[in-house]
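Chains as they are written, first to last, in the working numbering: chain A, 33 to 316; chain B, 209 to 563.
Since the hints were derived computationally from the structure, they do not count as laboratory data. Be a bit skeptical, because a hint or two may be false.
[Unchecked claim] Stretch-level coverage of chain A by chain B, calculated; a stretch enters the list once three of its residues show a Cβ under 8 Å from a Cβ in chain B:
hint: 1; segment: 209 to 219
hint: 2; segment: 282 to 292
[What the hints assert, rightly or not] Residues from chain A that face chain B, not an exhaustive set, calculated with beta carbons under 7 Å:
hint: 3; residue: Thr97
hint: 4; residue: Ala101
hint: 5; residue: Leu223
hint: 6; residue: Gly224
hint: 7; residue: Ser226
No residue lacks a Cβ here, since even glycine has one placed at the ideal position from N, Cα and C.
This is what each chain is made of:
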Amino acid sequence: MRQVRDDTARERDDTARERRVTPRRRGRVPAALLIPAGLGLLFLVLPLVGLVIRVPWTTLPQRLTEPGALTALRLSVQTATLATALCLLLGVPLAWVLARVEFPGRRLVRALVTVPLVLPPVVGGVALLLVFGRRGLLGGWLDATFGITLPFTTAGVMLAESFVAMPFLVIAVEGALRAADHRYEEAAATLGASRWTAFTHVTLPLVAPGLAAGAVLCWARALGEFGATITFAGNYPGRTQTMPLAVYLALETDLESAIVLSLVLLVVSVGILVALRDRWMSSA
Amino acid sequence: MSGALLDARLVVDRGAFRLDVPLRVAPGEVVALLGPNGAGKTTALRALAGLHPLTAGHVTLDAVDLDRPATRGWVPTERRPIGVVFQDYLLFPHLSALDNVAFGPRRHGVERRAARATAREWLTRVGLDAQAQRRPRQLSGGQAQRVALARALAVAPSLLLLDEPLAALDARTRLDTRAELHRHLSAHAGATVLVTHDPLDALALADRLVIVEGGRVVQEGDGPSVTARPRTDYVARLVGLNLYRGRADGHGVRISPDLTLTVADRLDGEAFVAFRPAAVALHPARPEGSARNTWAGTVVGVQRHGDNVRVQLDGPIGVAADVTPAAAAQLRLIPGQRVWVAVKATETHAYPATG
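Construct the complete structure from the given sequences, taking the supplied hints into account.
What follows is the structure in structure tokens.
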């Protein structure tokens, strides 16, 4: 009883102390933190400002409609969309298994899934070549059996983008599945839904926001993919030359063109950020 | 009861805890599993629904083995003819009330339009046809409860299972919903098993109570017999009775070496004695009179209880007494105070502890 009273008294003291401290906390931010913070922000924003300042606004429409730029843009959007579709097809079931099925080595599998996140994309490209290349582990068999060649083709671009982008989707969807109450699936089962029906009719709609966010992130990552693509698929205009590759190439010959292409990618990225702002920025 | 629709012996091992509950429910009968938290009631319900496999025993519904570990008989949840109302309802948040109710019929192969018609009929029956297009988060607690009930009943289940169906509601809504729920449960032709820790819900809704404590059935019977003759402290507390176990010899029941209660009933052998707290009188001095049980006790607690004051007393036996506030003031009842406790033999109820 005495202990309880003491605790309550201490709590009251704490509250009082906090109340006294609050006004001071609202006071000045130390310069030692404010200055690096400002510099950090500048460091992140300045390059973007620099890019926008150098945009040749007068020739912009004409440069945007140049056949080369349009082709690269179309190819980028196409391959990124297909790559996202592939990631959804394989990544959502993978995320479901990781979130819902207990099996030995699950932690290891989860770690493996995230490897492409930290792997330098060029290394990913080399690895893909070693597997899907003409003389690769699967590539030779694919070529001999089906006559399918993946390296240096548009399909290869999609493959490279998928490899790099899929972890974003799997992680987002797995997180959403873990956050979703699995008892909804039990409720569905008591109403006669098989596990598959419960997945399609209950689980997927429940995680739809997480799924959408994951897909958009995945698409954005695929759209910006450079290293794995140029290593595995090369840089052939109209076939494997996506926007980032076109930017890199243009940089050597025509700076203005590179700036315009970069601006397009910047606009797309900011657009994605705005579309996801409720999900990613409001939580802060 | 050979006409049992549900015949089960639910044995589930969960670590050191073992649930072992035999359960038989006739068509149209409502049975309440009543017990304290952690007694294993929800585990029993999950075993019936197939959400938790049995360790041993069986679940047989309408002569079909749904779960029988001995013969590896197993019917998965989605193929059991059951309906479940979960404690927090688990209405699908992305579907309207109507589509929530239509979900079951759709999964049972009913075409969309017909399923919606069935769902609308059920929503009308629970008085929510006007809310059919609302999403679960736009419904009040009582409305959500009724949608959950309609959803469970829309598949015409042979076995209806309800897990603490009223626990999530506030007191006022609870009263209305309880009456409403009783109406629907009475109308249900199949067997109903309801899990609750609230004796009022159990008494209001069920035809028969099965009291579960520590994974075992400690008492079973209809409301009046359970409340009149509690067999464990838990039940006695639930129904607000003082309960003692002792050895009867005619009109005397020996509770402890130094206390034998005189009772009105005549019986021999192991016996329970029960009496209401209001039947206990408190006196400053030893009362005179014949047909009274009297002993000296010490006040250990005084609390407001409805219009009266509930006094907890220590002594040869612990006892709860209800006295009027005036009497409490007159007796100056404070913890530590010594008083005389008196209970008339005619106010006691004695019954055999066996059988």
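Against the structure, the hints come out as follows:
{"no.": "1", "hint": "209 to 219", "result": "holds (count 5)"}
{"no.": "2", "hint": "282 to 292", "result": "violated (count 0)"}
{"no.": "3", "hint": "Thr97", "result": "violated (43 Å)"}
{"no.": "4", "hint": "Ala101", "result": "violated (41 Å)"}
{"no.": "5", "hint": "Leu223", "result": "holds (4 Å)"}
{"no.": "6", "hint": "Gly224", "result": "holds (4 Å)"}
{"no.": "7", "hint": "Ser226", "result": "holds (5 Å)"}
In summary, the structure is inconsistent with hints 2, 3 and 4 from the numbered list given earlier, while agreeing with the others.
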